[in-house]
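Let chain P serve as the given structure and place chain B on it in line with the hints.
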Amino acid sequence: MEKEVAIVGIGWEGFQPTSAHYSYKEMIYQAAKKAYHDANVDPRKDIQSFVTVAEDFIEGTSIFDEYTPDQLGAALKPMHTITGDGLHGLITAYLMIRSGICQIAAVEAHSKASNVKTLPHITHYALDPFLNRPFEFHPDFIAGLEMTRFLHESHLTPEDCALVVHKNRRNALDNPLAPYGCDYRLSEIQESRPVAYPLLESHIAQPADGAIVIVLAKREIAASLSSKPVWVIGVGWCNDAYSLEYRDWGDLPYVTKAAQMAYRQAQIQTPSKIIDFAEIDDLYAYRELMSLTALGLVPKSDLSDAIRSGKLYPRGDLPVNVSGGSLGMGNLLEANGCAKLIEAVLQLRGEAGKSQIPNPQIGLVQSWRGIPTTSAAVVILAVS
Amino acid sequence: MNLRKVAVVGAGMTQFVRRAKETPQEMAFKAVRAALDSCELTLKDIDAVCLGTAPDSFDGFHMNGEILSQAAGAFRKPYMRSFVGGGTGVFVPIQGWYHVASGLFDVVLVVAEEKMSSYYPHAQAAFLTIFDHTIERPLKPNLLWIFALEMNRYMTTYGLSKADIARVSVLHKRNAADHPCALLGDATITVEDVLQSETLAWPVQRLDVSPVSDGAVALVLAAEHVARRITDKPVWIEGVGWCLDTAYWTNRDLAYPRYVEIAAKMAYEMAGIKEPRKEIHIAEPYDPFDYKALHHLEGLQLAERGKAIELYLNGDAERTGNLPICPSGGLLGVGNPISAAGLMKVAELFWQLRGEAGKRQVPGNPRRGLAQAWGDLMQVGTVIILGR
Chain P
1 MEKEVAIVGI GWEGFQPTSA HYSYKEMIYQ AAKKAYHDAN VDPRKDIQSF
51 VTVAEDFIEG TSIFDEYTPD QLGAALKPMH TITGDGLHGL ITAYLMIRSG
101 ICQIAAVEAH SKASNVKTLP HITHYALDPF LNRPFEFHPD FIAGLEMTRF
151 LHESHLTPED CALVVHKNRR NALDNPLAPY GCDYRLSEIQ ESRPVAYPLL
201 ESHIAQPADG AIVIVLAKRE IAASLSSKPV WVIGVGWCND AYSLEYRDWG
251 DLPYVTKAAQ MAYRQAQIQT PSKIIDFAEI DDLYAYRELM SLTALGLVPK
301 SDLSDAIRSG KLYPRGDLPV NVSGGSLGMG NLLEANGCAK LIEAVLQLRG
351 EAGKSQIPNP QIGLVQSWRG IPTTSAAVVI LAVS
Chain B
1001 MNLRKVAVVG AGMTQFVRRA KETPQEMAFK AVRAALDSCE LTLKDIDAVC
1051 LGTAPDSFDG FHMNGEILSQ AAGAFRKPYM RSFVGGGTGV FVPIQGWYHV
1101 ASGLFDVVLV VAEEKMSSYY PHAQAAFLTI FDHTIERPLK PNLLWIFALE
1151 MNRYMTTYGL SKADIARVSV LHKRNAADHP CALLGDATIT VEDVLQSETL
1201 AWPVQRLDVS PVSDGAVALV LAAEHVARRI TDKPVWIEGV GWCLDTAYWT
1251 NRDLAYPRYV EIAAKMAYEM AGIKEPRKEI HIAEPYDPFD YKALHHLEGL
1301 QLAERGKAIE LYLNGDAERT GNLPICPSGG LLGVGNPISA AGLMKVAELF
1351 WQLRGEAGKR QVPGNPRRGL AQAWGDLMQV GTVIILGR
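Taken in order, these protein sequences are the chains called P and B.
As numbered in the numbering used here, residues 1 to 384 make up the first sequence, in order.
As numbered in the numbering used here, residues 1001 to 1388 make up the second sequence, in order.
This is chain P alone, in the form it adopts within the complex:
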């Protein structure tokens, strides 16, 4: 197992459906303060490189990277933005530390989704202007199409997806970070409004605000900064076709390729036996099941059993989204991957409170950038 880079500090602010009393800068400042305290570092003296993940249209500001340094203590320092999920940002810091250009780096991801009045309208601008935009369909329609194909190929039912919602929202009740915890009856989930049949409103993660900062360090100094360093032992990321017309609608080859890259690096041959828990994409409930197969953790034919037998619950063999996932913590836009990473780090440190699963050693975190992208990232974490 390769131990080159470790996570030595984490900090967060939120998560909540709205944050009227806070600007995104104030949220990031709070998260940064906690992360630097956790890692016992001074951003002005110790951190040599900073990364933010953000997209201009979501922020409502062009060239948003202008506004990234001050609240992190990064002014007049090497800092850049990645337009990707928080895990892409984390991987960037990992690459920089491995390259030798820095020894300690910080990553920031945030969501001020409550500022975005018309998220579907903005997402519409991510579609091909000639082939797709003229249809003027709602972005969730693409998820509905994908869900239909996936359920058809894997012989699953909408009820299997409702069980994912049930599990994640119940898990969220034990996670103090998660605003969408709820112990629903299955019928309540299944009776919710259809958005793009068979996709129901209850299957979709609701927006939330929050900020997350993570500090990473090179092997030689990680131990001096943290008594519980969490090692990044494998990373992978991948894009598939941008064109809707070119996609493989029943599978997620980009998640598979990202996972294979991470497994290869972590020297994991049979992930289903090695991975103790997984925090994975569930922006739409069906995506959790789809991703489980793409990650090589549960074969397509066993998915229904896995969700019905309790295997994926916190006390099961393969706890998935113990945090509550995006269904429970909210859709934090580009911060989704980092929110899941926070849970994974807390689990591996044994600091997850009521959500704690017994003695985990290796955890997997996976994220997807959402409709209409085919951009996924995987990070595998371990404690020694």
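No wet-lab data here; the hints were simulated from the structure.
Possibly wrong hints are sitting among the right ones.
What the hints assert, rightly or not - Not everything, but these chain P residues come out facing chain B in the computed CB check (under 7 angstroms):
id, residue
1, GLU26
2, TYR29
3, SER62
4, ILE63
5, GLU66
6, ALA75
7, HIS80
8, GLY84
9, ARG98
10, LEU119
11, ILE122
12, ASN239
As the list claims (entries may be wrong) - Cut-off 25 angstroms, straight-line C-alpha distance, at most; resulting in silico cross-link-like pairs (SDA-like, lysine to any residue):
id, chain 1, residue 1, chain 2, residue 2
13, P, LYS218, B, ARG1004
14, P, LYS33, B, SER1161
15, B, LYS1021, P, ASN132
16, P, LYS25, B, ARG1137
17, P, LYS25, B, THR1250
18, B, LYS1005, P, GLN103
19, P, LYS45, B, ILE1262
20, P, LYS228, P, GLY100
21, P, LYS45, B, GLU1310
22, P, LYS117, B, HIS1133
23, B, LYS1265, P, ASP70
24, B, LYS1162, B, GLU1310
25, P, LYS218, B, GLU1224
26, P, LYS45, B, ARG1258
27, B, LYS1140, P, ASP70
28, B, LYS1005, P, PRO129
Since we're looking at a predicted model, the values are computed, not measured.
We treat Cβ as the ideally placed atom computed from N, Cα and C, and that holds for glycine.
Only chain B this time, still in chain P's reference frame:
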């Protein structure tokens, strides 16, 4: 620092034009194809792709990186887009550098694309939304307006004349006349032409400014053991540096870009350069405005503060001079499709150091060159040093 060696092994670019008929994807594809052909590789040889493109509002796409992914050659490959505003063009090869230097990849494709003509009626309007929503946007500032402030400050601090600064524009546009992809090359332009051009926001006149353009550029980077198999003439990335200053630009000393100095010093230290004025043989400082080339040469420690103009007055800046500056023609001459313009400068160093720059070739077998870009709210400096 004991870092993995990374080389540039191929480069390609599209024509820089005011209004391309191609879509953004087609432009990215053309540049990628040219870069791969230049080193006889195919997409199968590429392990990962890094993309640079400046604000999404130009192309009119949300998640512009995703839209360009397939065209940039990233189908089923690791792919990320980095972003530091106008500094992106020189940052994206730095991103490619750390991808290879990390040890995870051996061959990485670096692509920069910009299509500014989609913004109707003029790309300048996209810049209205870059300012602080509460304290600045109500004033309706645009980029010409704030750079006029900076130019004025620079001229006033050092007592420079408009006629002297116009020499920069004249040299760069004349150089660009030899560049086959240039938009505004002009072999006969004079200082008088610049001084008589339309005033946009005093002291900025039309010919002090680079044009709005469309274009794309791509490079192929490779780890040492692979680079030597691909080419006899690898050009090594010897130093990289970048630095982002506070967003509160109104509190900055506008006469001197300290963030460029810090970025340059980071790159010089990595490259083991102690005396940049002797050890850098070609400089491609970022020149979206003529005064910016001077401003940046000072930040890069290639001239004393307020004295960069002397390089132009005494002929040092010419291709045959002691420190050739923007032999490509720079943004003022070749064009300014934001991120692609920065990467064009790096491509120029690659061609110059290999002796493949044609009519633009700097004589005397130059060994080392520096490219720099700048952006955001007069805030970010990105620096790369190539050598052979």
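These are the hints, each one checked on the structure:
no.	hint	verdict
1	GLU26	violated (14 angstroms)
2	TYR29	violated (13 angstroms)
3	SER62	holds (4 angstroms)
4	ILE63	holds (4 angstroms)
5	GLU66	holds (4 angstroms)
6	ALA75	holds (4 angstroms)
7	HIS80	holds (5 angstroms)
8	GLY84	holds (6 angstroms)
9	ARG98	holds (4 angstroms)
10	LEU119	violated (10 angstroms)
11	ILE122	holds (5 angstroms)
12	ASN239	holds (4 angstroms)
13	LYS218/P - ARG1004/B	holds (16 angstroms)
14	LYS33/P - SER1161/B	violated (48 angstroms)
15	LYS1021/B - ASN132/P	holds (20 angstroms)
16	LYS25/P - ARG1137/B	holds (18 angstroms)
17	LYS25/P - THR1250/B	holds (19 angstroms)
18	LYS1005/B - GLN103/P	holds (18 angstroms)
19	LYS45/P - ILE1262/B	holds (15 angstroms)
20	LYS228/P - GLY100/P	holds (23 angstroms)
21	LYS45/P - GLU1310/B	violated (38 angstroms)
22	LYS117/P - HIS1133/B	holds (16 angstroms)
23	LYS1265/B - ASP70/P	holds (22 angstroms)
24	LYS1162/B - GLU1310/B	holds (14 angstroms)
25	LYS218/P - GLU1224/B	holds (24 angstroms)
26	LYS45/P - ARG1258/B	holds (18 angstroms)
27	LYS1140/B - ASP70/P	holds (23 angstroms)
28	LYS1005/B - PRO129/P	violated (41 angstroms)
Hint violations for this structure: numbers 1, 2, 10, 14, 21, 28, all remaining hints satisfied.
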